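A.B. asks: Chain residues, written in single-letter form:
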Amino acid sequence: MSRSPRTWGLTAVEIVIAVAVATGGVAALEGVTPAEGLGILYLLAVLAIAIRRGQLAALLTALLSVLTFNFLFITPRHRLEIAHSRDVVNLVVLLIAAIVVGRLASIGRERAAEAESRARIAAAREREAKLLAEVASSILPGRSIAAQLRIIGNLVAATTGATAARVALEHAPSPGADELALPLHGPRTAWLYVTRDASWSRGEIERIAEPLGRLIDVAVERERVADQAAETEASRRAEVAKTAVLHAISHDLRSPLTAIATAVGGLRATLVTEAEREELIDVINEETARLGKLVDDLLDLSRIESGAVAPRADWTDLRDVVASAVMQSRSDARIEVELPEDLPLVRADAAQLERVFSNLIDNAVKFSPPGEPVRITGGASGGRVVVRVSDRGPGIPRKDRLRVFEPFFRSAGDRSSGSGLGLSISRGFVEANGGQIILQPGADAGTSFAVSFPAARPSPDGPPADGADAGPGPEAAEPRARAPR
Amino acid sequence: MTTPAPRVLVVDDEPQIVRGLKIILRSAGYAVEAAETKAEAMASLASRPPDALVLDLVLPDGSGVELVGEIRRWSQLPVLVLSAVGDEREKVRALDAGADDYVTKPFGTDELLARLRALLRRSLEPGGTPEVELGELVIDLQDRRVIRSGREVHLTPIEFDIVRVLAQHQGRLVMHRQLLQEVWGPQYVDETHYLRVHMAHIRAKLENDPSRPRYLITEPGVGYRLRDPST
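The listed protein sequences correspond, in order, to chains A and B. In terms of our numbering, the first sequence has 342 at position 342, counting the first letter as 1, and numbering is strictly consecutive. In terms of our numbering, the second sequence has 1177 at position 177, counting the first letter as 1, and numbering is strictly consecutive.
Since the hints were made in silico from the structure, they are not lab data. Please read all numbers here as calculations on a predicted model, not as lab measurements. Treat each hint with caution, since some may be false.
Straight-line alpha carbon distances no greater than 25 Å define the calculated SDA-like cross-link-like pairs of lysine to any residue that follow [said to hold, decoys possible]:
(1) Lys366/A with Thr1104/B
(2) Lys366/A with Glu1036/B
(3) Lys1022/B with Ala289/A
(4) Lys1022/B with Glu279/A
(5) Lys1022/B with Thr288/A
(6) Lys366/A with Glu1040/B
(7) Lys1022/B with Leu267/A
(8) Lys1022/B with Asn285/A
(9) Lys1038/B with Lys242/A
(10) Lys1038/B with Arg410/A
(11) Lys1038/B with Ala248/A
(12) Lys1038/B with Arg254/A
(13) Lys1022/B with Pro369/A
(14) Lys1038/B with Pro397/A
(15) Lys366/A with Gly1062/B
(16) Lys1022/B with Leu271/A
(17) Lys366/A with Thr1037/B
(18) Lys366/A with Lys1038/B
(19) Lys1022/B with Ala123/A
(20) Lys1022/B with Lys242/A
(21) Lys1022/B with Ala269/A
(22) Lys242/A with Arg1089/B
(23) Lys1038/B with Pro173/A
(24) Lys1022/B with Ala275/A
(25) Lys1038/B with Phe409/A
(26) Lys366/A with Ala1034/B
(27) Lys399/A with Gly1062/B
(28) Lys399/A with Asp1061/B
(29) Lys242/A with Gly1062/B
(30) Lys1038/B with Thr273/A
(31) Lys1022/B with Arg254/A
(32) Lys1038/B with Leu271/A
(33) Lys1022/B with Phe409/A
(34) Lys242/A with Asp296/A
(35) Lys1038/B with Arg268/A
(36) Lys1022/B with Phe408/A
(37) Lys242/A with Thr1104/B
(38) Lys1022/B with Thr273/A
(39) Lys1022/B with Val272/A
(40) Lys1038/B with Pro369/A
Take these sequences, add in the hints, and give me the full structure.
C.D. replies: Set out below in structure tokens:
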């Protein structure tokens, strides 16, 4: 027990008061009862001091009580002498009783104090545990580590009663002027900074440093693992896509090859009629063309994907491009072109755009029901020129709409002989030329692909706004890159 | 021709392949019908059962494997599968489901016709013959002897049994499981290494160049086939 002199002074005063009160009591009752029997009143004084001030003070009180009682009430009075042996016994009993009572009372007092301090410690532990639990539950997947550290700082500030607290992952501490810096132990070096106005003592905050450090480590580790998992997933998806493309290519190459090989086998057979020979030769011709188209498409696609398209941009009239694409269509399906005569020019590679519209027209023809025409419409608005290629076919199921531009993608039920590359090549060419292609599901049925480019001049009259080198004047509207592929 | 032409149903959704196949099969003396989908094939099988089926594994309304499974519930109709490199797993599933043999696309016409002939021989002439002649080999199933270029070759009983099973299915694919079951018994159907060891010994005795077999052909991952080198 370390007590300050001030506490001892107070204790002495209390002892004197307690003994004086007991003495007053004895003096007051002396007329009623013989004084010798009233020594028991001093036990009350001892008891009071024992409870308030502990065992040593109680012992002093007992001694002072015995001396005072002896001096004031035991014959001969006002001397510290004892005349009767009976009084000696009385005083000794009083002294022993005082000591025992003092001891018992002070034990009770210590127990109470112990319980109180235990409760205080328990409360402190509870606050720590609550803080750590909150920190632990704030470590959620999907949050960035910076956000997690910010949340942890706020929790620490709220719990420790500080205006602010923050956690930083750094090797050396860099506290602000009014901040305490505490190392957070763990596999990573991190520092906790708490403003000095915290209601927790430095020692109390230090107690949470280690578990906090471990939790932060968990958060950091978790983010790392999540990053890694995302990376693995991405490369797995790329692998799956690659496999799908390889599978599609091999299937698309093999079907015409098989048809050709079969037809050649048929030509070699002995019992084949002239008509059958013609048919087999047709098969070989058609499938050779299909293979050639597939190889062209694959080449285009690889050029687009490697960014090697290099459009030769020039003043281009989309009406000419569309007309040329329509003429190339070998199908005898009806194609209705309704493009306004004042359609603005665009700056693009006409040959590439012709490929785009050829693909879109072939596609539309393929899905058109017999007798239904493919329609090509367009116009200019908002500084853009739009051309739409629409069919009245079955339309593209909602779930497939996002995927139609992927290479080799075919809607379920598409049993056509196309490569599944036309739309991705179209998009590649359109985007390389600064345009946009979007799928617009028809209002009633059918599909419409809208290709749009920035208009190259604001009005259809007058020469193009820029560049004498581009060849201003009406003749510039003539598409130049109309050379066949 | 005194007997009617055997009827073959071709199931494939590639019209250009079907056009060629029809002509080839017709010129080889078959009556040919074609179906593009599983559903069409089932309808055709139900209304006019053919003598053999040539089946593409990838159909627009399902897998050829499923079709084989359904057919095998009620028919032992010979089924020749058209498979592709890359579809090996599907091919094995089709064979497990009961398909009899396969050719890989793009296939040679002669190969296709030889396989089809072997399949139809099985179903049209049950019983088989006691003696099988293949080029310079004569396999006498009754006396358990193999004669090569006029001289008897000594085979152990197991070796002869392997040759016997292959000869009874001459020209046709015999899967590992079937061979193991018929020679060793049903509890040995997974012990394919038995076959590799014995096949090496048999080839050493019967083939001119065991590393380039002419008679005993390996179908990788599936089984073996005893082939007549003259066809």
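A.B. asks: Give a verdict on every hint.
C.D. replies: Against the structure, the hints:
no.: 1; hint: Lys366/A with Thr1104/B; verdict: 30 Å, violated
no.: 2; hint: Lys366/A with Glu1036/B; verdict: 19 Å, holds
no.: 3; hint: Lys1022/B with Ala289/A; verdict: 22 Å, holds
no.: 4; hint: Lys1022/B with Glu279/A; verdict: 11 Å, holds
no.: 5; hint: Lys1022/B with Thr288/A; verdict: 20 Å, holds
no.: 6; hint: Lys366/A with Glu1040/B; verdict: 23 Å, holds
no.: 7; hint: Lys1022/B with Leu267/A; verdict: 12 Å, holds
no.: 8; hint: Lys1022/B with Asn285/A; verdict: 18 Å, holds
no.: 9; hint: Lys1038/B with Lys242/A; verdict: 29 Å, violated
no.: 10; hint: Lys1038/B with Arg410/A; verdict: 20 Å, holds
no.: 11; hint: Lys1038/B with Ala248/A; verdict: 22 Å, holds
no.: 12; hint: Lys1038/B with Arg254/A; verdict: 21 Å, holds
no.: 13; hint: Lys1022/B with Pro369/A; verdict: 28 Å, violated
no.: 14; hint: Lys1038/B with Pro397/A; verdict: 23 Å, holds
no.: 15; hint: Lys366/A with Gly1062/B; verdict: 23 Å, holds
no.: 16; hint: Lys1022/B with Leu271/A; verdict: 13 Å, holds
no.: 17; hint: Lys366/A with Thr1037/B; verdict: 20 Å, holds
no.: 18; hint: Lys366/A with Lys1038/B; verdict: 23 Å, holds
no.: 19; hint: Lys1022/B with Ala123/A; verdict: 91 Å, violated
no.: 20; hint: Lys1022/B with Lys242/A; verdict: 36 Å, violated
no.: 21; hint: Lys1022/B with Ala269/A; verdict: 12 Å, holds
no.: 22; hint: Lys242/A with Arg1089/B; verdict: 19 Å, holds
no.: 23; hint: Lys1038/B with Pro173/A; verdict: 74 Å, violated
no.: 24; hint: Lys1022/B with Ala275/A; verdict: 13 Å, holds
no.: 25; hint: Lys1038/B with Phe409/A; verdict: 23 Å, holds
no.: 26; hint: Lys366/A with Ala1034/B; verdict: 23 Å, holds
no.: 27; hint: Lys399/A with Gly1062/B; verdict: 20 Å, holds
no.: 28; hint: Lys399/A with Asp1061/B; verdict: 19 Å, holds
no.: 29; hint: Lys242/A with Gly1062/B; verdict: 24 Å, holds
no.: 30; hint: Lys1038/B with Thr273/A; verdict: 31 Å, violated
no.: 31; hint: Lys1022/B with Arg254/A; verdict: 19 Å, holds
no.: 32; hint: Lys1038/B with Leu271/A; verdict: 30 Å, violated
no.: 33; hint: Lys1022/B with Phe409/A; verdict: 30 Å, violated
no.: 34; hint: Lys242/A with Asp296/A; verdict: 20 Å, holds
no.: 35; hint: Lys1038/B with Arg268/A; verdict: 31 Å, violated
no.: 36; hint: Lys1022/B with Phe408/A; verdict: 29 Å, violated
no.: 37; hint: Lys242/A with Thr1104/B; verdict: 24 Å, holds
no.: 38; hint: Lys1022/B with Thr273/A; verdict: 13 Å, holds
no.: 39; hint: Lys1022/B with Val272/A; verdict: 11 Å, holds
no.: 40; hint: Lys1038/B with Pro369/A; verdict: 24 Å, holds
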